[in-house]
Amino acid sequence: MTLDPVVLFFLLGLFAALARSDLKLPPALYETLSVFLLLAIGLKGGVALAKTGSPQVLLQVLLVILLGTLLTLLAFAVLRWRLSRVDAAATAAHYGSVSVVTFAVAASFLARQGIEAEPQLTLFLAVMEMPALVVGVLLARLGDRQQLRWGQLAHEVFLGKSMVLLLGGLVIGWLAGPKGIVSLSPLYIDLFKPVLSLFLLEMGLLTAAKLGSLRRQGSFVVLFGLLVPLGFACIGLGSAYAMGLSAGGALLLATLCASSSYIAAPAAMRIAVPEANPALSLAASLGVTFPFNLLLGIPTYWMLTQWLYA
Amino acid sequence: MTFHAKKLLTIVTEAVLEAPLVKVLQQLGAHGYTVSDARGGGSHGVQGGGWSFEGNIRVDVVCDAAVAEAIAAHCQQAYLPHYGLILYVSDVGVLRADKF
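These protein sequence lines map, in sequence, to chains A and B. Taking the numbering used here, I'd label the letters of the first sequence as residues 1 to 310. Taking the numbering used here, I'd label the letters of the second sequence as residues 1001 to 1100.
Bear in mind the hints are in silico, worked out from the structure with no lab data behind them. Careful: at least some of the hints might be erroneous.
Selected chain B positions facing chain A (Cβ under 10 Å, derived; list incomplete) [as the list claims (entries may be wrong)]:
(1) 1019
(2) 1020
(3) 1055
(4) 1079
(5) 1083
(6) 1098
Straight-line distance between alpha carbons at most 25 Å, and here's what the computed SDA-like set of lysine to any residue pairs gives [unchecked claim]:
(7) A/51 with A/155
(8) B/1023 with A/292
(9) A/161 with B/1020
(10) A/51 with A/168
(11) B/1023 with A/24
(12) A/161 with B/1055
(13) A/161 with B/1035
(14) B/1023 with B/1008
(15) A/24 with B/1015
(16) B/1099 with B/1039
(17) B/1023 with A/193
(18) A/161 with B/1023
(19) A/161 with B/1058
(20) A/24 with B/1069
(21) A/193 with A/275
(22) A/193 with A/163
(23) A/24 with B/1039
(24) A/179 with A/115
(25) A/161 with B/1015
(26) A/161 with B/1084
(27) B/1023 with A/159
(28) A/193 with A/7
(29) B/1099 with B/1036
(30) B/1023 with B/1081
Values in this document were obtained by computation on a predicted structure and should not be read as measured data. Glycine residues also receive a C-beta, built at the ideal position from the N, C-alpha and C atoms.
All chains should be modelled from the sequences, with the hints used to inform the complete structure.
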């Protein structure tokens, strides 16, 4: 199957930065595009939930929160093998958390093949960001409890930009319903993919900038960034199967598990665990795992999904 | 024209520190401050400012010597161990002493 054109935009950004082109998007545009993507994903999920939501979703949300916690602990256990406790904890928080853009690319992958997924996956996306950040900080702070500022952490976790926009979009979409959203859909629904392509161009530029610092972090970080997503995707697939999700939903949950945060987690960890080396987590998350998921991961998880659901 | 002697305290640090730093400035007696986005390089490498959390900020505060010292002491104790932070003080003259 040919690559999704939005992924080609990512490759273009990667190429431009590696070839030292002067291409650079203004930071204000990057901020604007991320606000748009978060709102659009939230709205779409909210509308779908209004159409088909069932009370079973609440139970699934609890399971997904447990899943996020479990993945963070697993990542910590693996990382602790080579890294200091604070570095392992901060990096584990990145891997237990999720990447909205990777989710969007997986959703676009499904849409291109005309496969539907359950609407609650958007809700899973929103809730899976939280537990990892809390667990990551707890792991880093084991033993010295007086240093932990709960209020600040809670504020960071529940009122961070991505949470407010995703959940806000979900609620607006849910309240508006399929009819109410019609007047908004030219911007938020129809323009989603073009905007995603621009965002991925920027992601290509940023990823290339991280490749340089990756060389300094060593092979353990690279191996971790490649193998852990595969393992986590399998855990996600198994959980989706056990929860009774469709194949499309299973791919999205596997992608959520495999993806790692590079926006919310770095910002939260920098404030809550300042001793950790931010370059290390970001090099793994943005330099290895993000491009891996985009280029090879999602198609591989889909093959695994088809095999499991056959 | 008479100018009143004050201190100009400039802090260049990571953008994630903006909110906590601004809070501390006010608590320690600064009457005002100016924050601007900053780019540059140094011992922590080049700060491109491509990400909101990777960028740098530059905070300027005009205040009394005592306030400047209190802020510098706080920065040294709370932020210097783990964050990239540059701080310097210079003598300036201001038109309206009561503003600072």
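A quick look at each hint next to the structure:
{"no.": "1", "hint": "1019", "result": "holds, 9 Å"}
{"no.": "2", "hint": "1020", "result": "holds, 8 Å"}
{"no.": "3", "hint": "1055", "result": "holds, 7 Å"}
{"no.": "4", "hint": "1079", "result": "holds, 8 Å"}
{"no.": "5", "hint": "1083", "result": "holds, 6 Å"}
{"no.": "6", "hint": "1098", "result": "violated, 34 Å"}
{"no.": "7", "hint": "A/51 with A/155", "result": "violated, 32 Å"}
{"no.": "8", "hint": "B/1023 with A/292", "result": "violated, 41 Å"}
{"no.": "9", "hint": "A/161 with B/1020", "result": "holds, 17 Å"}
{"no.": "10", "hint": "A/51 with A/168", "result": "holds, 18 Å"}
{"no.": "11", "hint": "B/1023 with A/24", "result": "violated, 33 Å"}
{"no.": "12", "hint": "A/161 with B/1055", "result": "holds, 17 Å"}
{"no.": "13", "hint": "A/161 with B/1035", "result": "holds, 20 Å"}
{"no.": "14", "hint": "B/1023 with B/1008", "result": "holds, 18 Å"}
{"no.": "15", "hint": "A/24 with B/1015", "result": "holds, 20 Å"}
{"no.": "16", "hint": "B/1099 with B/1039", "result": "violated, 29 Å"}
{"no.": "17", "hint": "B/1023 with A/193", "result": "violated, 40 Å"}
{"no.": "18", "hint": "A/161 with B/1023", "result": "holds, 20 Å"}
{"no.": "19", "hint": "A/161 with B/1058", "result": "holds, 23 Å"}
{"no.": "20", "hint": "A/24 with B/1069", "result": "violated, 40 Å"}
{"no.": "21", "hint": "A/193 with A/275", "result": "violated, 38 Å"}
{"no.": "22", "hint": "A/193 with A/163", "result": "holds, 21 Å"}
{"no.": "23", "hint": "A/24 with B/1039", "result": "holds, 15 Å"}
{"no.": "24", "hint": "A/179 with A/115", "result": "holds, 23 Å"}
{"no.": "25", "hint": "A/161 with B/1015", "result": "holds, 15 Å"}
{"no.": "26", "hint": "A/161 with B/1084", "result": "holds, 24 Å"}
{"no.": "27", "hint": "B/1023 with A/159", "result": "holds, 18 Å"}
{"no.": "28", "hint": "A/193 with A/7", "result": "holds, 11 Å"}
{"no.": "29", "hint": "B/1099 with B/1036", "result": "holds, 20 Å"}
{"no.": "30", "hint": "B/1023 with B/1081", "result": "holds, 20 Å"}
In this structure, the earlier hints numbered 6, 7, 8, 11, 16, 17, 20 and 21 are contradicted, and the remaining ones agree with it.
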